[in-house]
Amino acid sequence: MTTAQPAPDLAAFRKLAVELRQTILRTIANAGSGHPGGSLSMVELLIGLYWHKLRHDPKRPDWPDRDLFLLSKGHGCPALYTVLAYHGYFPKEELMTLRKYPTRLQGHPERGSLPGIEISAGSLGQGLSMANGIAMADRLDQRARRIYCLMGDGEIQEGQVWEAAMTAHHHKLENVCAIIDANQLQQNGPVKQLKDIEPLAEKWRAFGWHTIEINGHDIAQVVKAYDEAATIKGKPQAIVARTIKGKGVSFMELNPAWHGVAPKPDELEKALRELSTVHV
Amino acid sequence: MVDKATRDGFGEGLLELGTTHPNVVALSGDLEDSCRAVAFKKQYPTRFFSVGIAEQDMIGTAAGLAIAGKIPFACSFSQFVTGKTLEQLRMAVCYQKLNVKVVGSHGGLSVGADGATAEALEEFAHMRSLPFMTVIAPCDALEAKRLTIACADYPGPVFLRLGRAPVPAITKASDAAQIGRANVVRSGDDVTVIACGVMVMHSLQAAEQLAKEGISARVINLHTIKPIDRDAVIAAAKETGAIVTAEEHSVIGGLGGAVAEVLAQTHPTPMRFVGVQDRFGTSGNPADLLKAFHLMPEDVVKAVKDVLRLKQHAL
Numbered sequence: 001m002t003t004a005q006p007a008p009d010l011a012a013f014r015k016l017a018v019e020l021r022q023t024i025l026r027t028i029a030n031a032g033s034g035h036p037g038g039s040l041s042m043v044e045l046l047i048g049l050y051w052h053k054l055r056h057d058p059k060r061p062d063w064p065d066r067d068l069f070l071l072s073k074g075h076g077c078p079a080l081y082t083v084l085a086y087h088g089y090f091p092k093e094e095l096m097t098l099r100k101y102p103t104r105l106q107g108h109p110e111r112g113s114l115p116g117i118e119i120s121a122g123s124l125g126q127g128l129s130m131a132n133g134i135a136m137a138d139r140l141d142q143r144a145r146r147i148y149c150l151m152g153d154g155e156i157q158e159g160q161v162w163e164a165a166m167t168a169h170h171h172k173l174e175n176v177c178a179i180i181d182a183n184q185l186q187q188n189g190p191v192k193q194l195k196d197i198e199p200l201a202e203k204w205r206a207f208g209w210h211t212i213e214i215n216g217h218d219i220a221q222v223v224k225a226y227d228e229a230a231t232i233k234g235k236p237q238a239i240v241a242r243t244i245k246g247k248g249v250s251f252m253e254l255n256p257a258w259h260g261v262a263p264k265p266d267e268l269e270k271a272l273r274e275l276s277t278v279h280v
Numbered sequence: 001m002v003d004k005a006t007r008d009g010f011g012e013g014l015l016e017l018g019t020t021h022p023n024v025v026a027l028s029g030d031l032e033d034s035c036r037a038v039a040f041k042k043q044y045p046t047r048f049f050s051v052g053i054a055e056q057d058m059i060g061t062a063a064g065l066a067i068a069g070k071i072p073f074a075c076s077f078s079q080f081v082t083g084k085t086l087e088q089l090r091m092a093v094c095y096q097k098l099n100v101k102v103v104g105s106h107g108g109l110s111v112g113a114d115g116a117t118a119e120a121l122e123e124f125a126h127m128r129s130l131p132f133m134t135v136i137a138p139c140d141a142l143e144a145k146r147l148t149i150a151c152a153d154y155p156g157p158v159f160l161r162l163g164r165a166p167v168p169a170i171t172k173a174s175d176a177a178q179i180g181r182a183n184v185v186r187s188g189d190d191v192t193v194i195a196c197g198v199m200v201m202h203s204l205q206a207a208e209q210l211a212k213e214g215i216s217a218r219v220i221n222l223h224t225i226k227p228i229d230r231d232a233v234i235a236a237a238k239e240t241g242a243i244v245t246a247e248e249h250s251v252i253g254g255l256g257g258a259v260a261e262v263l264a265q266t267h268p269t270p271m272r273f274v275g276v277q278d279r280f281g282t283s284g285n286p287a288d289l290l291k292a293f294h295l296m297p298e299d300v301v302k303a304v305k306d307v308l309r310l311k312q313h314a315l
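Protein chains in written order, with the working numbering: chain A, 1 to 280; chain B, 1 to 315.
Next up, chain A with everything else stripped away, as it sits in the complex (with noise of 0.2 Å):
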């Protein structure tokens, strides 16, 4: 079983990091296409959840007590799907499925297909609502497992997000706690020139959410952001993670061409050589 870390070892999280972001760009480029950009944002955060603050058993993926991250953004399961892989709740090579028929891998993850997804997800703007759902389950059921929503920037301009964060507050919801992947982009460009959602911590504030802004790459940040929202009582917790999209790869960084593209054979590599050269 798979319990919060007392001490986590941050150095061993950012060398982790650097192989995750390679295994998700080999996943994506062999599927053909997918969305590298997303996914390689939110990889810091998975790591801060999947190996310091999620109660998570990949033996027993229906464990009632465990806590649940559901993945709103769907377009980035390749980094889900490459963390569950890690963690034993499918086989790595399985991984290389992703995209194609028949596969347990579907293009935006499906709940009920592989073990380790909570919902099914891409149309986007759903994931926080359901969280609720489960977290107002769960007080009838006294049961104290946290639910962690994981949603993208562009995303958030969907507004279910913000009804569903009128929901959490009114009732009260202190299990569920939203992750914001705030990688500046979405598909066609800049998300402060499609529609601008700043300034998204003082948003999340005044919608009455205990919220933290940190740097998502800095692995520190993020556990400790986990941390602290976890002691919070009474209120739902917003983390606002600043990242980059395309993380690691510079000629993905703030690129919205790699939004939805996969990288080709001589991308890949080059995309691998450049993560291999960072010192951790």
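Simulated from the structure, these hints should not be mistaken for lab results. A few of these clues could be false.
Claimed, not checked - Quick list of simulated restraints, FRET-style, between CB atoms:
(1) A:G88 <-> B:T46: 47 to 55 Å
(2) A:P91 <-> B:A39: 38 to 46 Å
(3) A:D266 <-> B:K97: 52 to 60 Å
(4) B:S50 <-> A:M96: 46 to 54 Å
(5) A:G260 <-> B:E261: 35 to 43 Å
(6) A:L194 <-> B:H294: 44 to 52 Å
(7) B:A116 <-> A:M166: 25 to 33 Å
(8) B:H21 <-> A:L194: 41 to 49 Å
(9) A:D65 <-> B:P22: 16 to 24 Å
(10) B:T46 <-> A:A230: 23 to 31 Å
C-beta: ideal position from N, C-alpha, C; glycine also.
On the provided structure of chain A, position chain B as indicated by the hints.
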């Protein structure tokens, strides 16, 4: 017996489920009074969730409750709970095969004076097209209560369409109400009228009228539009050779469409559709609107006579 709306039957059924099914919970977007979920809310305050005027969030929240093992009944006006939320119902509820019960009150023209924006006339088409969704439209309050109770033990997503206007009791409390099983409410050999909701009553009245003219009309209460009772529909086509469908809904994609889909592939049969003719509703007293939209017993009678001419021609 006093006339009673199907929404009232739902409210009674939900209240009863509160006792028999501890996992039943309810949600509403500020319409719990109109949907008759208030008694449940009063009796079980911790099991009722107010989500504000936010139908999309309500459906997503219901999905979350179902993921965690609850049986949520999400209530609003039929138009809003199926129309604004189609995407949430598709991905969060049906794609995940969740045990969410979607309750649409004020279906059809029964909201009356409020007018077109609240008059749901397309929900059967929307809901029927969603994989795994069950679609139910009870004909009276007693049946609404029985089917509400049946919903709780029927796994998977269900849409329950209710009316606002009081209607006479057609069924008895002791009648069967099995989801997916149509009830033949009047036997007959010349033609079959297949109806749901308020149109079951109008079809029975039409059958009375037709009997006086020597026409023997079978009437089927097709309270479950999906999954459709194929056996009952095919038997009616084979045994009576002519079908009229009647619904307080658009003639596109509703009960009539569902019946036609079955018969076109099994036993092609002359048909006529009584329903709303591809238009929006309007303000008025529900009884007047049913007349204006040609949903009265005499409209069923006319459709029967039309279809019998087709049947004669086909012979």
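Exercise. Go ahead and decide if the range 47 to 55 Å is satisfied by the Cβ distance of A:G88 to B:T46.
Key: 39 Å, violated
Exercise. Could you tell me whether the CB distance from A:D65 to B:P22 stays inside 16 to 24 Å?
Key: Between A:D65 and B:P22, where Cβ atoms are some 20 Å apart, the hint holds.
Quiz item: Taking the CB of A:G260 and the CB of B:E261, does the distance hold inside 35 to 43 Å?
Solution: Since A:G260 and B:E261 have Cβ atoms about 37 Å apart, the given range 35 to 43 Å holds.
Quiz item: Is the hinted range of 44 to 52 Å satisfied by the C-beta distance from A:L194 to B:H294?
Solution: With Cβ atoms ~48 Å apart, the hint holds.
Quiz item: Is 38 to 46 Å a correct range for the gap between the Cβ atoms of A:P91 and B:A39?
Solution: 52 Å, violated
Quiz prompt | CB-CB spacing for B:K97 and A:D266 relative to the 52 to 60 Å hint | solution = 43 Å, violated
Self-check item: Consistency of beta-carbon spacing, A:M96 to B:S50, with hint 46 to 54 Å
Solution: Holds: the Cβ-Cβ distance is about 47 Å, inside 46 to 54 Å.
Quiz item: Per the hint of 41 to 49 Å, is the separation of the Cβ atoms of B:H21 and A:L194 within bounds?
Solution: Given range 41 to 49 Å: holds, Cβ gap about 46 Å.
Quiz item: When you take the CB atoms of B:T46 and A:A230, is the distance between them in 23 to 31 Å?
Solution: 24 Å, holds
Quiz item: For the pair B:A116 and A:M166, does the Cβ-Cβ distance stay inside 25 to 33 Å?
Solution: Given range 25 to 33 Å: holds, Cβ gap about 29 Å.
In summary, the structure is inconsistent with hints 1, 2, 3 from the numbered list given earlier, while agreeing with the others.
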